[in-house]
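S.K.: Listed below are the residues making up each chain.
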Amino acid sequence: MVNRQKLNKELRLAELLPYAVIITDLDFIVLYWSEGAEKLLGWKKKEAEDRPLSELLDVEEEELFKTSDVEGSRFFQRKDGSKINCEFKSVSYDDKRVFVLRDLTEQYERERHLESYHEFFERAQDMFFRIGKFEFNPKLVDVLGYSKNELAGISLSPLVHPDDVKKIQEEFFRVLKGETRSYEVRMVSKTGDVVWFEVVAWPWKSGGLTLGSEGILRDITKRKMDELSTKRLIERLEVLNSVLRHDLSNYLSVIGNYVELMEEEPKKEYVEKIQSMVKRALELIKDIKVVEDAERAGRVLKVINLSDVLINEIDAIDAPNAIIKADVPEDLHIWADEMVNSVISNILRNAIIHNDKEEKRIDLTARKVRESDIEWIDEEKVKEEIEWVEIRVADNGPGIPDDMKEEIFKEGVKDQTTGRTGLGLFLVKTLVMRYGGRIWVEDNEPEGSVFIIRFRSVENLYDS
Amino acid sequence: MPKKKKKVRILIVDDEPAMREVMRLILKNHDIVEAASGYEAIRRCDEKKPDLILMDIMMPRMNGVEATKAILERYPDIKIVAVTAYATHKGKEMLEAGALEVLEKPFGRKKLEELVTRIVDGEPTKAKQRA
Chain A
1 MVNRQKLNKE
11 LRLAELLPYA
21 VIITDLDFIV
31 LYWSEGAEKL
41 LGWKKKEAED
51 RPLSELLDVE
61 EEELFKTSDV
71 EGSRFFQRKD
81 GSKINCEFKS
91 VSYDDKRVFV
101 LRDLTEQYER
111 ERHLESYHEF
121 FERAQDMFFR
131 IGKFEFNPKL
141 VDVLGYSKNE
151 LAGISLSPLV
161 HPDDVKKIQE
171 EFFRVLKGET
181 RSYEVRMVSK
191 TGDVVWFEVV
201 AWPWKSGGLT
211 LGSEGILRDI
221 TKRKMDELST
231 KRLIERLEVL
241 NSVLRHDLSN
251 YLSVIGNYVE
261 LMEEEPKKEY
271 VEKIQSMVKR
281 ALELIKDIKV
291 VEDAERAGRV
301 LKVINLSDVL
311 INEIDAIDAP
321 NAIIKADVPE
331 DLHIWADEMV
341 NSVISNILRN
351 AIIHNDKEEK
361 RIDLTARKVR
371 ESDIEWIDEE
381 KVKEEIEWVE
391 IRVADNGPGI
401 PDDMKEEIFK
411 EGVKDQTTGR
421 TGLGLFLVKT
431 LVMRYGGRIW
441 VEDNEPEGSV
451 FIIRFRSVEN
461 LYDS
Chain B
1 MPKKKKKVRI
11 LIVDDEPAMR
21 EVMRLILKNH
31 DIVEAASGYE
41 AIRRCDEKKP
51 DLILMDIMMP
61 RMNGVEATKA
71 ILERYPDIKI
81 VAVTAYATHK
91 GKEMLEAGAL
101 EVLEKPFGRK
111 KLEELVTRIV
121 DGEPTKAKQR
131 A
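Chains A and B, in that order, are what the protein sequence lines are.
Numbered per the working numbering, the first sequence spans residues 1 to 464.
Numbered per the working numbering, the second sequence spans residues 1 to 131.
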């Protein structure tokens, strides 16, 4: 027979615990039922003592009635029939069994909410971040192209466009001072693409301390690209309008005046001049159309076999007194589009037209080069280590003065040999830049010029 | 008796060779010198000072406005006429730089001849009228 008085006296401390403490005999008949158990489970002490525990808690006997000590968490039934989530532990103590139950309801609710927020975080189409330690949601992984593991170990700096590093640092320090900041920033994806983000950032606080910055990122790349496209288009239209007016005004002046001169003194030479001006006007209009097409071509690049293009364009040259030597490996593949033919054709024609020698020599070499490149092109591409396909077109012409080496690629620059406005090289540069490439000119030795074009190399996806 | 046309030294500055050539033909009764750029124009003035310069504006490296300022600084008595497709805004810059007139392209032979005659004879120019 259990001495309940003695038991209650011994278990006074158990009454102070915020848990349910239940003691049974080895047959799981309740000997002691704490105040905590009353609160948690609803049964009063007198209702519970001397009753089987399984009856009070509505549990399957196998779960609790094991000879060895058990612990776990599960739902138990209260007196009023409601269920309560409890963590429990049972231990053997002499000829008794002691059960301790802890209410997990609040914790359970908290965990459910956390899980719900976590799912929202994982599914969100905007990006969330936290800087102190760099944390982010999965969408940022998708947008930047890195794996979660790659991003996890990284600091923020390598992901940010070099031109925006200072800006992001300044914004970060303002947030640390307590401000909420809204701004635009560029980051760089794994493939080297620039991604524009709209950022809203606020202080990340915990325990009254500011630990860093947290906020939302929204991908606005498309909008920015559209803005840049529109801006470029307007600039191009202004340039083309300017070139058109300038050159066509010249051609019409010349044509009109030769017609008047013809009225006074008909000369074959005047007729030839008129014909020449008409031809140039038509060529100008053709060039403008090519530039227009280059602008409209959009950004859909593809794999182009540059070796084939080079051979075809060299074969198409009609210049009997030009000697063209070509060293072109097979299967050089680049990112470009069909207009790359215009690029090569323009460069070759220039090398011939501007050559004042009786015997015009052109040496064309093509090769792959691998070189670091940290320049940015139109804010669209960046790479630290790039494999290029480099074309060098060297001639024995008069050369290009140093102060003209950059000028010749600008629109509206007049060619003193042909009198044509330099839409050709401007077009070439426009296209090369569109392909993510580079173009420049150097002096050839002992005389002449070397035009160097680099295209982005790509392995032929169709080679086995 | 018809007035005898005065023969003067005219410097034609234009980066378009065909333009220089046709202007030379139209003004063949004068002493014509050519320059294809602003820099070349200054050199020609230094070699032998012209009476009149027909100055294109849109040229690489040194445009017509810059060349006009540079030339008038050295030779303030040279008469300069701007010849341009951009009479409205660039023409205004040339007048402010010291040009006497603006001849808009495309122009006809007669217009060029009349303008040169007017300038050479010292008749009022647009710049003087404005002043």
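Hints listed in this document are in silico derivations from the structure and should not be mistaken for laboratory results.
It is possible that some hints are incorrect.
A partial selection of chain A residues facing chain B, derived with a Cβ cut-off under 8 Å [what the hints assert, rightly or not]: (1) Ser54; (2) Trp204; (3) Ser249; (4) Leu261; (5) Lys273; (6) Gln275; (7) Met277; (8) Pro320.
Listed below are several chain B residues computed to face chain A (Cβ distance under 7 Å; list not exhaustive) [what the hints assert, rightly or not]: (9) Glu16; (10) Met58; (11) Met62; (12) Ala70; (13) Arg74; (14) Tyr75; (15) Pro76; (16) Ala87; (17) Leu103; (18) Pro106; (19) Arg109.
Pairs of lysine-lysine residues, derived as DSSO-like cross-links and limited to a Cα-Cα distance of at most 27 Å, are as follows [unchecked claim]: (20) B/Lys69 <-> A/Lys268; (21) A/Lys6 <-> A/Lys224; (22) A/Lys89 <-> A/Lys44; (23) B/Lys28 <-> A/Lys231; (24) B/Lys110 <-> A/Lys279; (25) A/Lys6 <-> A/Lys89; (26) A/Lys267 <-> B/Lys7; (27) A/Lys405 <-> B/Lys111; (28) B/Lys110 <-> A/Lys410; (29) A/Lys268 <-> B/Lys49; (30) B/Lys110 <-> B/Lys49; (31) A/Lys83 <-> A/Lys6; (32) A/Lys410 <-> B/Lys7.
By construction, the Cβ of each residue, glycine as well, lies at the ideal position given by its N, Cα and C atoms.
S.K.: Does each hint fit the structure? Answer for all of them.
M.R.: Each hint, compared with the structure:
1. Because the beta carbon of A/Ser54 sits about 98 Å from the nearest beta carbon in chain B, more than 8 Å, this interface hint is broken.
2. The criterion of a C-beta within 8 Å of any C-beta in chain B is not met by A/Trp204, whose closest approach is roughly 54 Å, and the hint is violated.
3. Contact between A/Ser249 and chain B, as hinted, is supported at the beta carbon level, the nearest pair being about 4 Å apart and thus within 8 Å.
4. Because the smallest distance between the Cβ of A/Leu261 and any Cβ of chain B comes to about 6 Å, under 8 Å, the interface hint for this residue holds.
5. Interface restraint check: A/Lys273 against chain B, minimum CB-CB distance 7 Å, threshold 8 Å, status holds.
6. The beta carbon of A/Gln275 is not positioned within 8 Å of any beta carbon in chain B (closest approach about 12 Å), and the interface hint is therefore violated.
7. Below 8 Å, beta-carbon pairs count as interface contacts, and A/Met277 has one with chain B at about 6 Å; its hint therefore holds.
8. Because the closest C-beta pair between A/Pro320 and chain B is about 25 Å apart, greater than 8 Å, the hint is violated.
9. Annotation: interface hint on B/Glu16 holds; nearest CB of chain A at approximately 5 Å, less than 7 Å.
10. At about 5 Å, the closest approach between the beta carbon of B/Met58 and any beta carbon in chain A falls short of 7 Å, and the interface hint on this residue holds.
11. Violation of the interface hint for B/Met62 is found here, the shortest Cβ-Cβ separation to chain A being roughly 10 Å, above the 7 Å cut-off.
12. Hint on B/Ala70 is violated. Least Cβ distance to chain A is approximately 17 Å, over the 7 Å limit.
13. Annotation: B/Arg74 was flagged as interfacial toward chain A, and the flag is violated, the nearest CB pair being 22 Å apart, outside 7 Å.
14. Interface restraint check for B/Tyr75: the shortest CB-CB distance to chain A comes to about 25 Å, outside 7 Å, so the restraint is violated.
15. Proximity of B/Pro76 to chain A is violated relative to the hint, the smallest CB-CB distance being about 28 Å (cut-off 7 Å).
16. The closest approach between the C-beta of B/Ala87 and any C-beta of chain A is roughly 10 Å, which is over the 7 Å cut-off, so the hint fails.
17. Hint status for B/Leu103: violated, given a least beta-carbon distance of 10 Å to chain A, over 7 Å.
18. Satisfaction of the interface hint for B/Pro106 is found here, the shortest Cβ-Cβ separation to chain A being roughly 4 Å, below the 7 Å cut-off.
19. At a threshold of 7 Å, the smallest CB-CB gap from B/Arg109 to chain A is about 4 Å, leaving the interface hint in force.
20. Distance check on the hinted pair: B/Lys69 and A/Lys268 sit about 40 Å apart at the alpha-carbon level, beyond 27 Å; violated.
21. For the proposed pair A/Lys6 and A/Lys224, the alpha carbon gap of about 81 Å is over 27 Å, so the pair is violated.
22. Pair hint A/Lys89 plus A/Lys44 holds up; C-alpha atoms about 21 Å apart against a cutoff of 27 Å.
23. Using a Cα cut-off of 27 Å, the hinted pair B/Lys28 and A/Lys231 is violated, with the two alpha carbons roughly 47 Å apart.
24. Between the alpha carbons of B/Lys110 and A/Lys279 the distance comes to roughly 25 Å, so the proposed pair stays at or under 27 Å and holds.
25. The straight-line distance between the Cα atoms of A/Lys6 and A/Lys89 is roughly 24 Å, inside the 27 Å bound, and the hint therefore holds.
26. Of the pairs offered as hints, the one joining A/Lys267 and B/Lys7 holds, with about 25 Å between alpha carbons and a cut-off of 27 Å not exceeded.
27. Straight-line distance between C-alpha atoms of A/Lys405 and B/Lys111 comes to about 38 Å, which puts the hinted pair past the 27 Å bound.
28. With a C-alpha separation of about 35 Å, the suggested pairing of B/Lys110 with A/Lys410 is violated against the 27 Å cut-off.
29. For the hint linking A/Lys268 to B/Lys49, the alpha-carbon distance of about 35 Å lies beyond 27 Å, and the restraint is violated.
30. Of the pairs offered as hints, the one joining B/Lys110 and B/Lys49 holds, with about 26 Å between alpha carbons and a cut-off of 27 Å not exceeded.
31. With a C-alpha separation of about 33 Å, the suggested pairing of A/Lys83 with A/Lys6 is violated against the 27 Å cut-off.
32. Taking the CA atoms of A/Lys410 and B/Lys7, the gap is near 40 Å; set against the 27 Å cutoff, the hint is violated.
In terms of the numbered hints stated before, the structure departs from hints 1, 2, 6, 8, 11, 12, 13, 14, 15, 16, 17, 20, 21, 23, 27, 28, 29, 31 and 32, listed from lowest to highest.
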